[in-house]
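Each chain is listed here by its residues.
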Amino acid sequence: MAKPRTNRLIRWRGLVQLLFAAASNSFVTGFLAGKIYQGDLKKLCAPGLNCYSCPGALLSCPIGSLQAVLTSRAFSITLYVTGLLLVFGATMGRFVCGFLCPFGMIQEWLYRIPFPWKKKTFRGDKPLRRFKYLLLVVLVIALPTLVKDAAGSGSPTFCKYVCPAGTLEAAIPLVLLNPGGPGVSAPPPAALPELRIEIASSQPVYETGPLFTWKMLILVAVVLLSVMVWRPFCRYLCPLGAIYGLMNPVSLYRLRMEQDLCIHCGKCNRSCKMALEPERRQNEAECVRCGDCVKACPTGALTMGFIQRKPRAAEPGLPLEPTDPQAKGRNL
Amino acid sequence: MRRRVWLIIALAGVLCICLGIARGEVSVVFMKAINICLECIGVG
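Keeping their order, the protein sequence lines are chains A and B.
Using numbering that gives the first Met the number 0, the first residue of the first sequence is number 0, and each one after it goes up by one.
Using numbering that gives the first Met the number 0, the first residue of the second sequence is number 0, and each one after it goes up by one.
Calculated directly from the structure, the hints in this document are not laboratory data.
Bear in mind that the values here come from a model prediction, so they are computed numbers and not experimental data.
Where chain B lies over chain A, by a calculated footprint (3+ residues, C-beta under 8 Å): (1) 47-56; (2) 72-86; (3) 168-176; (4) 247-256.
Some chain B residues judged to face chain A by a derived CB distance under 7 Å, without partners named: (5) V4; (6) A9; (7) G19; (8) K31; (9) I33; (10) C36; (11) G41.
Here are the simulated distance ranges between beta carbons: (12) V137(A) - C17(B): 26 to 34 Å; (13) E206(A) - M0(B): 49 to 57 Å; (14) I20(B) - K117(A): 39 to 47 Å; (15) A21(A) - N34(B): 18 to 26 Å; (16) I20(B) - D259(A): 41 to 49 Å; (17) N6(A) - L10(B): 27 to 35 Å; (18) V226(A) - N34(B): 30 to 38 Å.
Every residue gets a Cβ at the ideal spot worked out from N, C-alpha and C, and that includes glycine.
Please model the entire structure based on the sequences and the hints provided.
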């Protein structure tokens, strides 16, 4: 049976993820010196979750930036970051999650580790997915806006108490690269104790205290869960995914179903690692546009992209009847 | 209908970006992003 070719972007998704993650974290000096990039590119937000305190990051994190403006003394709402999120969401939706998010890519790599009890879904999985909307409203928007100190500054509560991407991409590298504190790339030689004292007194030291321990626990939990469940952070915790998910149904990049070509074999549903049903609903908020359903479709009925392509004629030799008896007569 | 909603969101996004730039929000984002946010990463 000749299988229709899926589009190149989907076939090379892993490479696109890797290249985008590498390009957006290509400030090599940062990794060598334990510092961060301070150039003009940081005025822009990356579309995906990428901590701006990561030594290699060239762009700002949209969730961090959102909270930065909300916690500032000057502004109580942010039009700039909201606008960027609207443009990213309207154009790409959760294509960002599937192709342009470095933390999503890391979770996918972890899922490749062999493990006997991998779970596609489980009892409570669907209700738990709503938790990310709660985090978005409470930790990203409400608390940073409403809870402010006497000077009028708030606290970036999501970054501070939850974000495992910040722990992995920024806290761990910076602590490892700066044993003496920010800006110090290596401990001074033991022969120069006076230099050690000077540096210790002039540089703030990274406090790996209870907060760091708490964030490390969250990171370890996400890492362990990622081995068992596909993209647990994206499913349950990511406020950025929640924002883009809301725009998935209307975004320019979308999944399309050519009903005439669908043979209701159910392969697309079975291939979906997010446990969705692309045969019935193509543009759900939870779809991260990984394209596995498109690759699994034997007739080319499912397509994904920015532009609607001309429907392809059924390949000669393809079955015209449903191969899955349960799928026969299903209400679409 | 879907295309109309998409267009409204996209235009609203562009408008918000322009207004945000005019209000000076970019400098807040920039200042936060070029300094290591110890509080954000849980080491401060």
